[in-house]
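**Student:** Protein sequence lines correspond, in order, to chains A and B.
By the numbering used here, the letter at position 57 of the first sequence is numbered 57, and the numbering carries on one by one without gaps.
For any residue, its number in the numbering used here is found by taking its place in the second sequence, counting from 1, and adding 1000.
Treat the hints loosely; a few may be bogus.
Stated by the list, open to error - Per label pair, the in silico range of CB-to-CB distance:
hint, chain 1, residue 1, chain 2, residue 2, range
1, B, L1368, A, R113, 54 to 62 Å
2, B, E1086, A, D126, 49 to 57 Å
3, B, P1415, A, K147, 48 to 56 Å
4, A, E26, B, E1086, 54 to 62 Å
5, B, S1217, A, D48, 30 to 38 Å
6, B, G1271, A, D48, 57 to 65 Å
7, B, E1401, A, M64, 33 to 41 Å
8, B, E1366, A, R21, 23 to 31 Å
9, B, K1201, A, E26, 54 to 62 Å
10, A, D48, B, P1157, 36 to 44 Å
11, A, N37, B, T1328, 52 to 60 Å
12, B, G1271, A, R21, 46 to 54 Å
13, A, E26, B, K1044, 58 to 66 Å
These are computed hints drawn from the structure, not numbers from a lab.
Virtual Cβ for every residue (Gly too), placed ideally from N, Cα, C.
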Amino acid sequence: MRYITNTMKVKQISVFLENRRGRLAEVTQVLGEHNLNIRALSLADTSDFGVLRMIIDYPDKAYMVLKEKHYTVRETEVVALEVADHPGGLAGVLKILNENDINVEYLYAFPERESVDKAIMVFRFDNVDKAIEVLQQHSINIMEARKVYNI
Amino acid sequence: MIWQEKIECMELAALKELQSERLVNLVKRVYEKVPFYKVMFNLKNVVPSDIRTIDDISKLPFTRKTDLRDNYPFGLFAVPMSEIVEIHASSGTTGNPTVVAYTRNDIQLWSEVMARTLVAAGATKDDIVQNAYGYGLFTGGLGVHYGALELGAAVIPISSGGTKRQLKLLGDFGSTVITCTPSYALFMAEEALEMGIDPTKFKLKVGIYGAEPWTSSMRREIEARWNSKAVDIYGLSEIIGPGVAIECVEGQDGLHLFSDHFYPEIIDPDGEKAVAPGETGELVLTTLTKEGLPLIRYRTGDIVSMRYDRCPHCGRTSPRMSKVKGRTDDMLIIRGVNVFPSQIEAVLLEIEEAKPHYLLVVERVESLDQLEVQVEVDEKIFSDEIKRLETLEKKIQREIESTLGLVVKVKLVEPRTIERSMGKAVRVIDKRDLYEKTKNV
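Isolated chain B (complex conformation) (with noise of 0.2 Å):
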């Protein structure tokens, strides 16, 4: 089932004309109204008219998260704030986070590649969709609930946590679809076979999981707790939230990236060209028809390959782009929530007037992620009180809640403990192993 089979399943020679049809109309639109790219492309030697097919994209400067920080809040918005609508904010890379904003246009848009989503990966207006993916600041949420009321489907705002809750609707509303994160699924299952519940007997027919990385062992796995499919969907907030890519359920061999609204490059991590068609590189994305927030040539900092070949499976033409393979940099994903160790760095400083050595443990432990945060004890932090050492592990983990939403595990341990691995500190240990090992999708 394809949602708007025209556009999806389109000749690549249109897709190619109406891509750069779309680009022309965005560069034109970005030099005018956003002050940040007029001087990017004036540092390039570039202006709008350089720009007539989308091979021309190459010209045009990059754009970096720390572009989007440095002009938090609304610095990069190409409207004024009455044409705004819905503003999120995500993880930044310091204390700031990363803002986007949608216009009455853009939301209808995210609606529209969501329905697209939803129905690649099987569902129709006759099924219930049980989200728990969470509502809020989070993209995740909001994005799927659009995507079942343009579809048709029935929505339940269930949003993450509860488990108890989340299986008796699942029982009870006969749940078809369900939406969440990887390590969340295989969470519920175990609660729910030690409540005595058996999940392969809810009516689940598909799971659209992402938000974090998830193996093809994972897939199987929790295929066959739940006796559903288990479909991969990928999202940036900063493109437009869940919505740029899916899995097909009828092939399950690559994601489909709308590549009509976000046209994808992939680029070698360490400079600025392509790499050869198949090869594996940095996903770079630019915003063909967003209106609020457009971004041209964004660094996504995932590792992915690409296809370009029409689906055997289902027949569309987007291209189809592998699970994301590992990082750029050294962001971690703790329960679906982007983490970059700056951030938990940038907290710390605020606490301690020294920059402590610290480091981060992460690991997954019966399903769930946990993120201990180790700080060396050093003279100007040692209370010869157990007291007031118990009081700045509190101290530090509040502080970590309440800026990032995050819920750590603080642990002082003894300086020299944390390697010093040539002059540069080691600064994460994740013990989890979430990226696919193969070469192939």
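Same shape as in the complex, but just chain A (with noise of 0.2 Å):
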């Protein structure tokens, strides 16, 4: 049976940030003074400049705060899901992806606090639909994304 995908599909805000000092700190205190909470963060650097990736508990208000503040922002459609917190976990389900063809453009780790076997990991997919129906179709649990944010 078939879910409604979109509840499953999390927005994550993306930040671009030269590689000087304070500019993280300069952002993260952006958010902090507009009450918005990072639940999850990846910061992917190169020599000159990074793209900060954040799960924020209210993107579209996270999205327009920075706008607004000049910063250059993008929206980008993520998933979470479960994986077995035990040594070969995230093999397992890679693996699946991998034989489905479906292309993992980065992931990183969100924090869990509930449940004590599993780990959250968040995915940037090349193509999320066909992503999700694969995960679905192996049983792997997929985070809905209001829970994502309120986690």
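Assembling the complex is the task here: the two chains are given apart, and the hints tell you how they should meet.
**Tutor:** Right under this line is the structure:
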């Protein structure tokens, strides 16, 4: 049975940052001032610049706030998966994706507090709809977006 | 030593008569042969018979780089293609290069003024000239080459780059004259020392440096490092290439401009009137004798001042221009190559649909010019994926290199980091200090 997949797509906010002192601190400061909570984040960097990716509890508000402050912001759809929290857990998920030709652009961990034996990973897929279909077919648990924002 | 003493030391009255005669012939020729000039003359209500002496030149219209651009590629030629024997191209303000062309007589003219140039620098036919100006579409390399052939000196067409080989030939061949950009001369000296070679021990007696601005303190440094004289050469491809003006080695006190062929006027950069003698203004040149691509009152964009007295060091009467003091526009010279910020803008526009905000930062690092193109990352070009951003950086770099022949560093920066001043974005930060600060030559 196919679930409505929109509830499974999580809005991630990406921000372009130069590799200058204080840039990261400024962004987090702005979010804090507007009562926005960062649930998870990842910073990918080159020698000149970085891309800060964040899961924020109110992504639309965060997008507006950052835009107003003249940051270059983008909203991207990602998916949060439950991965068994033992050796081989992640490998198992990646194997399934690989076998079904789903490409993972990047991924990062999500701090999890509720369950003991499950870890949450945020995935960016090149084809998110196909990915969700494959994951569901293999009974991999996808977290609902609103749970991700409010976890 | 003077190559053509009769002309180069001509009495000013006789020189003026020669220039007048040549101008009269020139205006007749361009009015007849170049449609663009016929139109321009008509707009100013002037016909060839209105021009009787060189002083009547102020009645004539100006020619600007945009006119060359608008008539790209061959619209301003005064002769049919069958008479053209050589075509060169240099930087244009946008996508198209500036095209210049020579008839056989023009090549002879070029050879003549370049022979004068080499001799003014102290060269004779016994000399070995190591020509490290770029050969190709750039007029620097071939200009020096033709001059050396005319003079009878032995020219080594080594072109630019390949520093190890430059130093080897300087040593093994015993080159006595070198021609290259002043920044390359400094760079080579540093490289030599790093290789354990003492550049003062070569047989060099003089270097002819130009294609970019350089100060008198740079001159002192080059002379010290190479233990040889350093003279300044000036030219521009629209007029002939190198060979417009040269310092005499005896004086190194102003560049002798060959006004029997290239008539100079110093014009108020914001207007059309000549400044008082000795004052600073924009150098405007008229090619009195060129056949293929004659230009009337061409606005060079170079800011100089001029002296008209006989040179006390060498006796030449050709007027002496100061070193170039600045530009009227935003043109940059990077390692001897003219670059207009608008050229880079044109490339960026082709890559991104919307006009990106960009900034050009020019620095001289270890004697070599480096140009960094900073591009603001706005929503349109921001990709969440690092590899796409890096690909974009590389793409911009490749496009600039392939279109302009310029190797640049590309840096993506945050929006609004590039200052907007008074609604007009500041496009260039030049951290080098290349123009003389004093008022004197």
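**Student:** If a hint holds in the structure, say so; if it doesn't, say that too.
**Tutor:** How the hints compare with the structure:
Between B:L1368 and A:R113 the beta carbon distance is about 56 Å. The supplied range of 54 to 62 Å therefore holds. Taking the beta carbon of each, B:E1086 and A:D126 are about 54 Å apart, inside 49 to 57 Å as hinted. Range check, B:P1415 to A:K147: Cβ separation about 34 Å, and the 48 to 56 Å hint is violated. Checked against the given bound of 54 to 62 Å, the beta carbons of A:E26 and B:E1086, roughly 58 Å apart, stay inside it.
About 34 Å separates the C-beta atoms of B:S1217 and A:D48, a value consistent with the hinted range of 30 to 38 Å. The given range of 57 to 65 Å is broken by B:G1271 and A:D48, whose C-beta atoms sit roughly 45 Å from each other. Roughly 40 Å separates the CB atoms of B:E1401 and A:M64, a value that falls within the hinted 33 to 41 Å. For B:E1366 and A:R21, the hinted distance range of 23 to 31 Å is satisfied, since their beta carbons lie about 26 Å from each other.
As the Cβ distance of B:K1201 to A:E26 is approximately 57 Å, the hint placing it in 54 to 62 Å holds. Checked against the given bound of 36 to 44 Å, the beta carbons of A:D48 and B:P1157, roughly 40 Å apart, stay inside it. Distance hint for A:N37 and B:T1328: a CB-CB separation of about 56 Å, consistent with the stated range 52 to 60 Å. Against the hinted window of 46 to 54 Å, the Cβ-Cβ separation of B:G1271 and A:R21 comes to about 48 Å, which satisfies the hint.
The given range of 58 to 66 Å is respected by A:E26 and B:K1044, whose C-beta atoms sit roughly 59 Å from each other.
In summary, the numbered hints that this structure violates are 3 and 6.
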